[in-house]
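*Asks:* Protein chains in written order, with the numbering used here: chain A, 1 to 182; chain B, 183 to 342.
Note that these hints are calculated values from the structure, not bench results.
Where hints are given, some of them may not hold.
Said to hold, decoys possible - If you only want the chain A side, here are some residues facing chain B, beta carbon under 7 Å, derived:
id, residue
1, N31
2, S35
3, I52
4, G55
5, A59
6, S121
7, E131
8, I132
9, Y134
10, G136
11, T170
Said to hold, decoys possible - Simulated restraints, written as ranges between beta carbons of each label pair:
id, chain 1, residue 1, chain 2, residue 2, range
12, B, W191, A, K106, 32 to 40 Å
13, B, E253, A, N27, 26 to 34 Å
14, B, T187, A, K68, 33 to 41 Å
15, B, V321, A, P48, 36 to 44 Å
16, A, W60, B, E253, 43 to 51 Å
Keep in mind it's a predicted model, so treat the numbers as computed, not measured.
By construction, the Cβ of each residue, glycine as well, lies at the ideal position given by its N, Cα and C atoms.
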Amino acid sequence: MRKYIKEYGFICVFILFAIFSYAYSYNFGINVTKSFLYMFIEMITFIPIVFILVGLLDAWIPSQKFQKYMGPESGIKGTLLSVIFSMFQAGPLYGAFPIVYILYKKGASIKNIFIFLGCFSALKIPMLSIEIGYLGVEFTLARTAIAVPLFIGIGYAMEYYLKDKNFKITDPTEIKSLTDNI
Amino acid sequence: MLPNTIALWIIGILSLLLSYYFDKEKTKKGIKKGIKIFKGLFSPFVSIMIIASLLLALVSPEIIEQYLGRESGFFGVILSAFIGSIALIPAFIVYPIASELLKRGASYMVIATFITTLLMVGIITFPLESKYFGKKVAVVRNILNFFAAIIIGIAIGAIL
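Chain B with its partners taken away, still in its complex shape:
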């Protein structure tokens, strides 16, 4: 975890210096924009962490391992794929929860499947999507993405 954080800071500060060197005005505008986005997201981000800590205190590590761990196998993957397809939560909010679940015994396969379906398949937004593309195309896109997401999840589980 720590080396990743350091890497992000190094990349961030380097980009900041480069950007400042080439264009001070753009850099200032960018920083302002970034702070604005951060302010807007701070409250939902903190709220979801509160909810996550409450849930994690209620659910024992044994239960997490049983349903989301290595032993859950195919059942765990399918379950997380369906939850991920239905849920309409911004992905970046899910990462802190995913990271906690991994620390408490959930398997990479289950977590990766959940995240990929969450990103790629949208059942709740399906009516909106079909207004743009038409029903048939929206169905085909979601089905293709659903299977792609499961493939990605299983492959990550196999790699990590």
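Next comes chain A alone, as it looks inside the complex:
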């Protein structure tokens, strides 16, 4: 019960607010409700199919296969794989750090790790499909076309910067207490 109040309480209060606004012709409330309904309808027209796509991606993509081919000798193929692998992810940027640790353990190069991290932040397919729905395909195409070369550049820059610096990524389990506090 408490869980439901926490999850839907705010929405219920808003529905009451909307009903009262209409009942008492409260202009501000009516305006808010109208703009909310507009956004809600916009969302409901495309969000369901986006989540079906996300679910299908999750069921079909075996992430382990990518990791093997991202090492220092992987060349352009490794870079390409880092970009593609990142697209099949989901979640916020801090969710990428544990994945990056695993990539690092599996021997991915510094360049590919940072290319993956950059592309993770900006090229995830679930996110791109929502972005296309809201801001249009031109926006998404322009953004990704400019972003990918920059991320590859950052990957090379990081590799150059960390060349003789004995770079390592720390085991996430050692810092579990910190993530628990967030």
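Here the structure of chain A is known, so what remains is to put chain B in place on it, guided by the hints.
*Replies:* Using the frame of chain A, we list chain B on its own:
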């Protein structure tokens, strides 16, 4: 807006049919997973839309145009870059707000800068990031990404 929605549905239904043709079990599992994710995100998604409609009703289009529109220029870009770097909001939740702001006169440059910094730079998560990479590397990564995000924002503003 409409053609994009139709395109998404066509892609979605085609992938669904293809997936079903090749593997019924995987498809069912995928759909279940998708519905589960959707259920989990429904409440935050709707809540943020309520907050956005409240804010948009309070702020007049003139103010949006003045601070986030074409005339805001460099100031608008820098402001949105800093807000985007600090904010810790899932990007997909920001898109409905971004789309509303664009309709009300915000410029593509400002909105794109905000979204790209939000995606690529994380000041709030910096302590967590530096535990993984070390402080120095985390600083360098965030700074590089900050400038990359601004470049992307300005370029999108120039293109669109």
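*Asks:* Decide, hint by hint, whether the structure agrees.
*Replies:* Here is what the structure says about each hint:
no., hint, verdict
1, N31, "holds, 5 Å"
2, S35, "holds, 4 Å"
3, I52, "holds, 5 Å"
4, G55, "holds, 3 Å"
5, A59, "holds, 3 Å"
6, S121, "holds, 5 Å"
7, E131, "holds, 6 Å"
8, I132, "holds, 5 Å"
9, Y134, "holds, 4 Å"
10, G136, "holds, 6 Å"
11, T170, "holds, 6 Å"
12, B:W191 x A:K106: 32 to 40 Å, "holds, 38 Å"
13, B:E253 x A:N27: 26 to 34 Å, "holds, 29 Å"
14, B:T187 x A:K68: 33 to 41 Å, "holds, 38 Å"
15, B:V321 x A:P48: 36 to 44 Å, "holds, 41 Å"
16, A:W60 x B:E253: 43 to 51 Å, "holds, 47 Å"
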